[in-house]
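Visitor: Chains as they are written, first to last, in my numbering: chain A, 10 to 375; chain B, 4 to 433.
Errors might be hidden in some of the hints.
Stated by the list, open to error - Here are the simulated distance ranges between beta carbons:
| id | chain 1 | residue 1 | chain 2 | residue 2 | range |
| --- | --- | --- | --- | --- | --- |
| 1 | A | 343 | B | 379 | 16 to 22 Å |
| 2 | B | 66 | A | 206 | 56 to 62 Å |
| 3 | B | 72 | A | 341 | 44 to 50 Å |
| 4 | B | 73 | A | 342 | 40 to 46 Å |
| 5 | B | 126 | A | 107 | 36 to 42 Å |
| 6 | A | 320 | B | 210 | 21 to 27 Å |
| 7 | A | 177 | B | 322 | 25 to 31 Å |
| 8 | A | 177 | B | 361 | 28 to 34 Å |
| 9 | B | 72 | A | 324 | 42 to 48 Å |
| 10 | B | 322 | A | 341 | 46 to 52 Å |
| 11 | A | 340 | B | 58 | 29 to 35 Å |
| 12 | A | 315 | B | 227 | 21 to 27 Å |
| 13 | A | 98 | B | 197 | 55 to 61 Å |
| 14 | B | 197 | A | 190 | 47 to 53 Å |
To be verified - Some residues of chain B that are not near chain A, with every Cβ distance over 12 Å (derived):
| id | residue |
| --- | --- |
| 15 | 44 |
| 16 | 57 |
| 17 | 71 |
| 18 | 77 |
| 19 | 85 |
| 20 | 92 |
| 21 | 140 |
| 22 | 147 |
| 23 | 157 |
| 24 | 233 |
| 25 | 316 |
| 26 | 327 |
| 27 | 357 |
| 28 | 406 |
Since the hints were derived computationally from the structure, they do not count as laboratory data. Predicted model, so just to flag it, every value in this text is computed and none were measured. Glycine is no exception: its CB is placed at the ideal position from the N, C-alpha and C atoms.
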Amino acid sequence: MSKSLKLFGAVAGLLIVTGVPSFAQDVDAGKKVFRKCASCHAVGDNAKNKVGPQLNDVFGRTAGSLDGFKYSKSMKAAGADGLVWNDETVGKYLEKPKAYIKGTKMSFAGLKKDKDVENVIAYLKSFSGEATEEAEKPDNAAANEEKKPQTKVAAAPVADAPMADHGTYHLGRPALPEEIAAWDIDIRPDGQGLPAGSGTVARGGELFDEQCAVCHGSFGEGEGRWPVLAGGQGTLTDDRPVKTIGSYWPYLSTVFDYVKRAMPFGNAQSLSDDDVYALTAYLLYLNDIVTDEDFELSSDNFTEVRLPNEANFIDDNRQDEPQYAAGLEPCMSNCMPEPAKVTMHARVLDVTPEGEEDEGGAGAID
Amino acid sequence: MSDQSQDKTHPNKSRRSFLSGGVAVAGGVAASALGARAAVAATPDPLITEIQEWNQVLGDGVDAAPYGVPSEFEADVVRRDVPWLTADPISSINFTPIHQLDGIITPNGLCFERHHGGVAQIDPADHRLMINGLVDNPLVFTMQDLMRFPRENHVYFLECAANSGMEWRGSQLNGCQFTHGMVHNVMYTGIPLKLLLQEAGLKPNAAWLLPEGADASGMTRSVPLDKALDDCLVAFKMNGEALRPEQGYPIRLVVPGWEGNMWIKWLRRIEVGDQPWHHREETSKYTDLLANGKARRFTWAMDVKSVITSPSPQMPITHGRGHTVLTGLAWSGHGRIKRVDVSLDGGRNWQTARLDGPSLSKSLHRFYHEFNWDGSEMYLQSRAIDELGNVQPTKNELRAARGENSIYHNNGIQTWQVRTDGETENVEIS
Numbered sequence: 010m011s012k013s014l015k016l017f018g019a020v021a022g023l024l025i026v027t028g029v030p031s032f033a034q035d036v037d038a039g040k041k042v043f044r045k046c047a048s049c050h051a052v053g054d055n056a057k058n059k060v061g062p063q064l065n066d067v068f069g070r071t072a073g074s075l076d077g078f079k080y081s082k083s084m085k086a087a088g089a090d091g092l093v094w095n096d097e098t099v100g101k102y103l104e105k106p107k108a109y110i111k112g113t114k115m116s117f118a119g120l121k122k123d124k125d126v127e128n129v130i131a132y133l134k135s136f137s138g139e140a141t142e143e144a145e146k147p148d149n150a151a152a153n154e155e156k157k158p159q160t161k162v163a164a165a166p167v168a169d170a171p172m173a174d175h176g177t178y179h180l181g182r183p184a185l186p187e188e189i190a191a192w193d194i195d196i197r198p199d200g201q202g203l204p205a206g207s208g209t210v211a212r213g214g215e216l217f218d219e220q221c222a223v224c225h226g227s228f229g230e231g232e233g234r235w236p237v238l239a240g241g242q243g244t245l246t247d248d249r250p251v252k253t254i255g256s257y258w259p260y261l262s263t264v265f266d267y268v269k270r271a272m273p274f275g276n277a278q279s280l281s282d283d284d285v286y287a288l289t290a291y292l293l294y295l296n297d298i299v300t301d302e303d304f305e306l307s308s309d310n311f312t313e314v315r316l317p318n319e320a321n322f323i324d325d326n327r328q329d330e331p332q333y334a335a336g337l338e339p340c341m342s343n344c345m346p347e348p349a350k351v352t353m354h355a356r357v358l359d360v361t362p363e364g365e366e367d368e369g370g371a372g373a374i375d
Numbered sequence: 004m005s006d007q008s009q010d011k012t013h014p015n016k017s018r019r020s021f022l023s024g025g026v027a028v029a030g031g032v033a034a035s036a037l038g039a040r041a042a043v044a045a046t047p048d049p050l051i052t053e054i055q056e057w058n059q060v061l062g063d064g065v066d067a068a069p070y071g072v073p074s075e076f077e078a079d080v081v082r083r084d085v086p087w088l089t090a091d092p093i094s095s096i097n098f099t100p101i102h103q104l105d106g107i108i109t110p111n112g113l114c115f116e117r118h119h120g121g122v123a124q125i126d127p128a129d130h131r132l133m134i135n136g137l138v139d140n141p142l143v144f145t146m147q148d149l150m151r152f153p154r155e156n157h158v159y160f161l162e163c164a165a166n167s168g169m170e171w172r173g174s175q176l177n178g179c180q181f182t183h184g185m186v187h188n189v190m191y192t193g194i195p196l197k198l199l200l201q202e203a204g205l206k207p208n209a210a211w212l213l214p215e216g217a218d219a220s221g222m223t224r225s226v227p228l229d230k231a232l233d234d235c236l237v238a239f240k241m242n243g244e245a246l247r248p249e250q251g252y253p254i255r256l257v258v259p260g261w262e263g264n265m266w267i268k269w270l271r272r273i274e275v276g277d278q279p280w281h282h283r284e285e286t287s288k289y290t291d292l293l294a295n296g297k298a299r300r301f302t303w304a305m306d307v308k309s310v311i312t313s314p315s316p317q318m319p320i321t322h323g324r325g326h327t328v329l330t331g332l333a334w335s336g337h338g339r340i341k342r343v344d345v346s347l348d349g350g351r352n353w354q355t356a357r358l359d360g361p362s363l364s365k366s367l368h369r370f371y372h373e374f375n376w377d378g379s380e381m382y383l384q385s386r387a388i389d390e391l392g393n394v395q396p397t398k399n400e401l402r403a404a405r406g407e408n409s410i411y412h413n414n415g416i417q418t419w420q421v422r423t424d425g426e427t428e429n430v431e432i433s
């Protein structure tokens, strides 16, 4: 990721030098808008396919043609019919993806503002064709050279370092406070690890629409098989329980910790602490645990909030179940009065993958 | 080699061709004189009487495959996934083809994968392991540092807690690769975690660890300190070679006998604390919802379990009546397997199977039962008993105790129906 940022920096720098500031500004604005896309799409140095295809050199590419990405049938068909990505086609697609390519896998509602569309196009173009080639030239090389020593300072163990005095083997070196602070971001139910900060339900709602709703749905109801985040209270004894933050999770700290370390999917650790407070507040709101849009969650009031299902978790007592009772000798002969009869066939459900048209079965994992 | 990579990109296609291939083989057996049932050959076998290409023309030299790959005729022995199980293939799972393997060791390239943020690709020169929290000296280790600690070698199974999780409500997936393939068994070379913790020095109130991965999911689990000091390893080799990237290269945590999610891959940090963290993978996930609405947490150990890998739906009997080999796997997170029984009639009558190969604690065990099949319908079952005396329960016993919404820790007895034509199916019986 840092590499792609470097490359971007190089691109922007080069463009300013060559005197096209307005374009550079578009690229910059586009980069911000692209955050909405970054949970699913990578672009830049070493970009790989994620939930969506990587977008390097997307301009001039035939739709649905990137090797190694599993497109929807409709996207492949559009490519076969001659759809090539350019300013016009990308623009139309970004405006209303599902209207432009019926059946596309991209579960994104579309960009409402024309300016956003233009800016994202400018941004993506900076990773397509000639723009990218130019950027690879001297500026980028300079950026790389600058970067290397930085990483190596921490990396290179000094060959004749003095023997450490800790432990038995005297191996490893003391972790510096800055290093521990950079990696130790975990949060516990008692509030240990919570950073300073705050965020309101209203702010969280904006962030959620921008960064989360594409997978989790506008109300946390979950798109496709992406996790459902809200609702489901009172369903835990149903045939099909709905396990959400409000109905199942025991601790709010888990939400903060997980969002901060792993979300948005594909762009982890990109949210500020205030953003994470705001999103956590909004998730409480979606689950009716707070009802006031002005509610502000902060490091001061965080541990006062309790989730409804906390008391319903128990420790492992499988060994107390009757089938594991001590001294049971398994039966060896005439163990059933009647011959066995089939009560259920896997083939009736027919959800074992054999082709590309498989429909889902029940009991998915996630 | 190109066949291999193609199969990886189109696993479903390869399975389809495998299935149709299987039918063709069975048809060929019936039609020709080469089948097992032919005691006397009617005409000489051209494979013997005619010189074959491989018998005449030179093959590849020693420089053709610096890293060897399986025979092109084994192209169907691949991991497969079930696309509808998860929202996308990045935070997802695939399955070990246990129906096609034998012995107890899983080849590295066939070990099932479960990632929550895709496969991290990390240059070992850029990898660091930090130990912080309730220690006297928070430390950072490079890979070079780690290679200077004493090492141990152990064979352990790793089973995902969700293995067989799709079968709680009844038979659903038709093949032991899908019903039981979230398991693998390899020899790990690693550093006892105890030594690394001692190097940092544990504070008196240390009681829990939080190992953390360096991948895009930043995977974390709370591990009780007793387990860490007992038998956990920080492993860097599997079956003698470096961990595969999808198994956590350059280092992963090994938590013998306990659910696979705790075996943090791409291990970059271990925090020491005085209480558990209750992170996502030990609250929202990997907790076992019971019928009464309560949920068990910290259900770490994988209970005694077994499955017949052949015959099974992907491995039907194609040779007709006569002598046949039934084989399968058994394991327990509580120790060694003491005994495996098999039933051909759906659990009415049982015979003790033959355990073969190494019997190691918290490792897969291989069992065989050789018999003459008379061509009649069978309901095959296996039942494992571990050294603590735990007997593998029936699925109905588990449902009676827990309901159908636990997802995890389904170690119930599996039934395969073998029909008179040898076709085999995942069924439930009463």
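Visitor: State for each hint whether it applies.
Guide: Hints and how they fare:
1. In this structure the hint that residue 343/A and residue 379/B lie 16 to 22 Å apart at CB holds, the actual value being about 19 Å.
2. A beta carbon spacing of about 60 Å between residue 66/B and residue 206/A agrees with the range 56 to 62 Å that was offered as a hint.
3. Our hint of 44 to 50 Å for residue 72/B and residue 341/A holds, since their Cβ atoms are close to 45 Å apart.
4. Between residue 73/B and residue 342/A the beta carbon distance is about 43 Å. The supplied range of 40 to 46 Å therefore holds.
5. Between residue 126/B and residue 107/A the Cβ separation comes to about 41 Å, which falls inside the hinted range of 36 to 42 Å.
6. The beta-carbon spacing between residue 320/A and residue 210/B, approximately 23 Å, falls within the hinted interval of 21 to 27 Å.
7. Checking the proposed 25 to 31 Å range against residue 177/A and residue 322/B shows it is violated: the Cβ atoms sit about 59 Å from each other.
8. Taking the beta carbon of each, residue 177/A and residue 361/B are about 32 Å apart, inside 28 to 34 Å as hinted.
9. Look at residue 72/B against residue 324/A: about 47 Å separates their beta carbons, and that is inside 42 to 48 Å.
10. A beta carbon spacing of about 29 Å between residue 322/B and residue 341/A contradicts the range 46 to 52 Å that was offered as a hint.
11. Checking the proposed 29 to 35 Å range against residue 340/A and residue 58/B shows it is violated: the Cβ atoms sit about 55 Å from each other.
12. For residue 315/A and residue 227/B, the Cβ-Cβ distance of about 25 Å falls inside the hinted range of 21 to 27 Å, so the restraint holds.
13. Distance hint check for residue 98/A and residue 197/B: the Cβ-Cβ separation is about 60 Å, which falls inside the suggested range of 55 to 61 Å.
14. Residue 197/B and residue 190/A have their C-beta atoms about 27 Å apart, which leaves the hinted 47 to 53 Å range violated.
15. Listed as outside the interface, residue 44/B is consistent with that label: its C-beta sits roughly 36 Å from the nearest C-beta of chain A, beyond the 12 Å cut-off.
16. The Cβ of residue 57/B lies farther than 12 Å from every Cβ of chain A, with a closest approach of about 32 Å, so its non-interface assignment holds.
17. The Cβ of residue 71/B sits about 25 Å from the closest Cβ of chain A, beyond the 12 Å cut-off, so the non-interface label holds.
18. A cut-off of 12 Å between C-beta atoms confirms that residue 77/B is not in contact with chain A; the least separation is 20 Å.
19. Residue-level check failed: residue 85/B sits 5 Å from the nearest beta carbon of chain A, not beyond 12 Å.
20. Not every Cβ of chain A is farther than 12 Å from the Cβ of residue 92/B; the closest lies at roughly 8 Å, contradicting the non-interface assignment.
21. With a cut of 12 Å on Cβ distances, residue 140/B falls inside the contact zone with chain A, its closest approach being about 4 Å.
22. At the 12 Å boundary, the C-beta of residue 147/B falls inside the reach of chain A, the nearest C-beta of that chain being 6 Å off.
23. Every Cβ of chain A is farther than 12 Å from the Cβ of residue 157/B; the closest lies at roughly 21 Å, confirming the non-interface assignment.
24. Once the 12 Å rule is applied to beta carbons, residue 233/B is consistent with being away from chain A; the minimum gap is 17 Å.
25. With a cut of 12 Å on Cβ distances, residue 316/B falls inside the contact zone with chain A, its closest approach being about 7 Å.
26. Look at residue 327/B: its CB is around 20 Å from the nearest CB on chain A, clear of 12 Å, so calling it non-interface holds up.
27. Its beta-carbon lying about 16 Å from the closest one in chain A, residue 357/B satisfies the requirement of being farther than 12 Å from that chain.
28. Distance check for residue 406/B against chain A: the nearest CB is about 8 Å away, which does not clear 12 Å, and the non-interface claim fails.
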